[in-house]
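Participant: Each protein sequence line maps, in turn, to chains B and X. Just so we're aligned: the first sequence equals residues 1 to 309 in my numbering. Just so we're aligned: the second sequence equals residues 1 to 271 in my numbering.
Just so you know, the hints here were simulated from the structure itself, not pulled from any lab data. Don't take every hint at face value.
[Stated by the list, open to error] Below, in silico cross-link-like pairs of lysine-lysine (DSBU-like), each with a Cα-Cα straight-line distance of 30 Å or less:
| id | chain 1 | residue 1 | chain 2 | residue 2 |
| --- | --- | --- | --- | --- |
| 1 | B | Lys207 | X | Lys179 |
| 2 | X | Lys44 | B | Lys143 |
| 3 | B | Lys137 | X | Lys115 |
| 4 | B | Lys209 | X | Lys98 |
| 5 | B | Lys207 | X | Lys98 |
| 6 | B | Lys268 | B | Lys47 |
| 7 | B | Lys47 | B | Lys229 |
| 8 | B | Lys137 | B | Lys226 |
| 9 | B | Lys54 | B | Lys302 |
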Amino acid sequence: MEEVPHDCPGADSAQAGRGASCQGCPNQRLCASGAGATPDPAIEEIKEKMKTVKHKILVLSGKGGVGKSTFSAHLAHGLAEDENTQVALLDIDICGPSIPKIMGLEGEQYVEDNLGVMSVGFLLSSPDDAVIWRGPKKNGMIKQFLRDVDWGEVDYLIVDTPPGTSDEHLSVVQYLAAARIDGAVLITTPQEVSLQDVRKEITFCRKVKLPVIGVVENMSGFICPKCKKESQIFPPTTGGAELMCQDLEVPLLGRVPLDPLIGKNCDKGQSFFIDAPDSPATLAYRSIIQRIQEFCDLRQSKEENLINS
Amino acid sequence: MEAAAEPGNLAGIRHIILVLSGKGGVGKSTISTELALALRHAGKKVGILDVDLCGPSIPRMFGAQGRAVHQCDRGWAPVFLDQEQSISLMSVGFLLEKPDEAVVWRGPKKNALIKQFVSDVAWGELDYLVVDTPPGTSDEHMAAIEALRAYQPLGALVVTTPQAVSVGDVRRELTFCRKTGLRVMGVVENMSGFTCPHCTECTSVFSRGGGEELARLAGVPFLGSVPLDPELMRSLEEGHDFIREFPGSPTFTALTAIARKILDATPAGLP
């Protein structure tokens, strides 16, 4: 029976394609040819391009549908409220690009003068077009986004990702390797079915040495608009994000409750902060955004100290 | 690609249904699980093949996390839930050494495992094989469809939530089905409203109307709406049989109605 190589030596290792565990792997010939050993020149090109980008933040999950795109969009809106802050939002969810819809964009790339967006969604001519691409083609698109888009002077580049720990995630980390990513924000809901995937995402971050800024627990409680009593629609049967963060020693950045206005505004392509400035969800978001900014500033000053010392 | 494949391990499976979305987190695994439980209650033998390699949710939903997969002479033996072997499961979740282990694979390696899951699992005799998929329209979906094509799947159940953001992705999934020649059995709208347990007010937490509109746009049947139900969530978290434990709930009514439509849409008397 054909064995899938669990002990893959890595495409760029000296043993690539030659190891015992490479036998039968579909990539064996490619690896043995040495193609994986030479670093992709795009990595240096991207490093150059990213010199004008101060902070790069990835928004990850592992689990789908927890609110990564919603969070990415509102992180972008929140940061861009200061008109002196230049924000760029890059959507690398190639199969399910939600960002154009959530930002209310049909093809134009600027939401505000200081908030620009890039997504494969802009390249599709019809809302029914499916992007049925295998890994290598998706990787090529991500490389293009990073290398060929003229990002200009940007204070924050936020990268919204699809769920999982696969091609898109490996590629964005690989291509931005030389350009230094500040860190990743991980989104979860309180349920174990989410947490179990997010733990894997944390494992992924550790594997690729990506700093974890912290975890956001989304859909954390619901306040009935009529009787104002709270219910747990997604019960935290195994202790929610709080316990997971304690166990894995990562910061819990905050909890965002479920507010039906969030979904409504995303559908309309508007910032939820404008429609519901006093909602507990808005307040939660603002506190989380502040913590992210503090993390980025701290990292920047640590680096400057290192350079100057 | 084989044209007429040797029957092999799928010879005893009467009907194959794929559960797709395009959008993550809409409830594909939930619907796969509940559909399997409902079909079992209707007296059918059901298998679930979980091809979500990065986020395998199926083991936990059946309380089977930590179970091991054994080899038999025809390949991998699926994990059986009970003595009667009325429900059997296969998932990468059973192959991981630790639950937090991440499957960080690129496309080709994922494709290879999915092909193995299709051809090398000794399912035996089943009335239905439900194939639970990850979100998207990429490697896993193409690999699963290519591997299953020779066995003529009954079709796809497409899951969405009511929001436009969900419908937007699921429209693309419907295009995927069309392009790959996979018949769409219908659309299920999940998370359709939440009834407050304190005052019974029903709130459209994730907007409304998307599922029916999607079905209408795509010209496919609308199979039904399933509400947001914390008891259902809890059952899935703890691996219990919601269908058996909550027969009085509106959620049970919705789920069994969907299963009924699948049973009615299944051609009878095929070998």
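Participant: A separate judgement is required for each hint: does it hold in the structure or not?
Facilitator: The hints, checked one at a time:
no.	hint	verdict
1	Lys207/B to Lys179/X	violated (37 Å)
2	Lys44/X to Lys143/B	violated (48 Å)
3	Lys137/B to Lys115/X	holds (21 Å)
4	Lys209/B to Lys98/X	holds (20 Å)
5	Lys207/B to Lys98/X	holds (15 Å)
6	Lys268/B to Lys47/B	violated (36 Å)
7	Lys47/B to Lys229/B	violated (51 Å)
8	Lys137/B to Lys226/B	violated (49 Å)
9	Lys54/B to Lys302/B	holds (14 Å)
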